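> With chain A's structure known, arrange chain B on it following the hints.
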Amino acid sequence: MLSALTLILTCQLIGELVTRFLGLPVPGPVAGMVILFVLLALKGSVPQHVGTVADSLLRNLALLFVPAGVGVMAHLGLLGQDWLPISVALVGSTLATIAVTGLVMSRLARNSGSDRTEAHHD
Amino acid sequence: MTDIADVWVYLSASPLLFLTLTLAAFQAGTWLYDKSGHKAFLNPVLTAVILIVALLSLSRTSYETYFEGAQFVHFLLGPATVALAIPLYRQFDRVRRSALALMTSLLCGSLTAIGTAIALGWLLGASRETLLSLAPKSVTAPVAMGITEQLDGLPSLTAVLVILTGILGAVLGPPLLSLIGVTDWRARGLALGTASHGIGTARALQSNELAGAFSGLAMGLNALATAILLPVLWRVFF
Chain A
-16 MLSALTLILT CQLIGELVTR FLGLPVPGPV AGMVILFVLL ALKGSVPQHV
34 GTVADSLLRN LALLFVPAGV GVMAHLGLLG QDWLPISVAL VGSTLATIAV
84 TGLVMSRLAR NSGSDRTEAH HD
Chain B
-2 MTDIADVWVY LSASPLLFLT LTLAAFQAGT WLYDKSGHKA FLNPVLTAVI
48 LIVALLSLSR TSYETYFEGA QFVHFLLGPA TVALAIPLYR QFDRVRRSAL
98 ALMTSLLCGS LTAIGTAIAL GWLLGASRET LLSLAPKSVT APVAMGITEQ
148 LDGLPSLTAV LVILTGILGA VLGPPLLSLI GVTDWRARGL ALGTASHGIG
198 TARALQSNEL AGAFSGLAMG LNALATAILL PVLWRVFF
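These protein sequences, in sequence, are chains A and B. Here the numbering used here is used: position 79 in the first sequence is 62, and no number is missing along the way. Here the numbering used here is used: position 107 in the second sequence is 104, and no number is missing along the way.
Here chain A stands alone, though its shape is the one from the complex (with noise of 0.2 Å):
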């Protein structure tokens, strides 16, 4: 648990530091994500404990965006005057984009084997 813990904290100030020195147009964690997605290629298999850690902090990654989404709430009067062309674009371009990459992809991968759902209740 402490180890894994280390482990993906290790790999997050790898990609911090990396993309500093670097300066890649990506963030920390996703280089960290790179890194440790690398090590476990390398390693072959998922670490038991690793696995569990991973598992439990994805099961809420939800939760995680609550304090960011209230800063939103606290920061609506930036939308200014603008707000109406803003909210349009956001939920327009929004739609937009979750069709076609969905569409494309779904005709694009048809042959690459199906892992089509079950059923609708997503």
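Treat the hints with care, as some may be off.
[Unchecked claim] Below are the SDA-like pairs computed for lysine to any residue, each with C-alpha atoms no more than 25 Å apart in a straight line:
no. : chain 1 : residue 1 : chain 2 : residue 2
1   : A       : K26       : B       : K36
2   : B       : K36       : A       : V71
3   : A       : K26       : B       : R91
[Claimed, not checked] So, partial list: chain B residues that the calculated Cβ filter (under 8 Å) puts toward chain A:
no. : residue
4   : S33
5   : L73
6   : A80
7   : Y86
8   : T113
9   : V157
10  : G195
11  : W231
It is worth saying that the hints were derived from the structure and are not from the lab. Given the structure is predicted, the values throughout are model-derived calculations rather than measurements. We treat Cβ as the ideally placed atom computed from N, Cα and C, and that holds for glycine.
What follows is chain B alone, placed relative to chain A:
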């Protein structure tokens, strides 16, 4: 005898109160979501945020005071992002088999996100600064803020728009994908991660690990794609 106001002053000075409030509000949100048979608009993050904002404004608590407690939850976002390597590793065979389809779809999605955000905002008369702050809205917050800053937009506005986009995508994405007949878990995950970064990925992981793996990967790749494409596109068109 201690006054209730004294107790309040004592409690609100320690991180315990707002840390507990964050967890409790999310639990309440999850309970409501489960109880409703998973109605999309009862997204637990959205419910928790609304509950907390209501309580903070009723008690006249500043966001800064709240964040002193909530920062412990917020901090875990970093390690959780690193932990996305695990579902990615477990599902990597499937990622590799659809690598070309994945890259193509991601590029289409990334261009759609940037293009439609700028086009819709511009059509409705948004200012230049607003357009620049809007353009990277689908990308994870630190990268989006960096892009906006580089192009002279407003990073603080971008941070707000990024989170709103995340919540919108997590709430509207799954019903939209079902409506247009996208049933493939890989496509559903990829769409959520491309359009609404980590919040979309959290939503994808709730459904399925395969969707979560594609979503986490899409979040990382779209950050990279937007950071490269957006400054170029902006200079070409404006």
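> Take the hints in turn and mark each one as holding or not.
Here's how the hints hold up against the structure:
1. Annotation: proposed proximity of K26 of chain A to K36 of chain B is violated, straight-line Cα distance about 41 Å (limit 25 Å).
2. A threshold of 25 Å between alpha carbons decides the hint, and for K36 of chain B with V71 of chain A the separation of about 23 Å falls inside it, so the pair holds.
3. A distance of roughly 19 Å separates the Cα atoms of K26 of chain A and R91 of chain B; the hinted pair therefore holds under the 25 Å criterion.
4. Interface hint status for S33 of chain B: violated, as the beta-carbon distance to the closest one in chain A is roughly 13 Å, over 8 Å.
5. Evaluation of the L73 of chain B hint against chain A yields a held restraint, the C-beta minimum of about 5 Å falling below 8 Å.
6. With 8 Å as the threshold, the beta carbon of A80 of chain B comes within range of chain A, its nearest partner Cβ sitting at about 4 Å, so the hint holds.
7. Interface restraint check: Y86 of chain B against chain A, minimum CB-CB distance 4 Å, threshold 8 Å, status holds.
8. For T113 of chain B, the suggested interface contact is upheld, since its CB lies about 4 Å from the closest CB of chain A, less than 8 Å.
9. Given hint, V157 of chain B at the interface with chain A, holds; its Cβ is 5 Å from that chain's nearest Cβ, closer than 8 Å.
10. Interface restraint check: G195 of chain B against chain A, minimum CB-CB distance 7 Å, threshold 8 Å, status holds.
11. Interface restraint check for W231 of chain B: the shortest CB-CB distance to chain A comes to about 15 Å, outside 8 Å, so the restraint is violated.
Comparing the model with each earlier hint shows violations of hints 1, 4 and 11; every other hint is respected.
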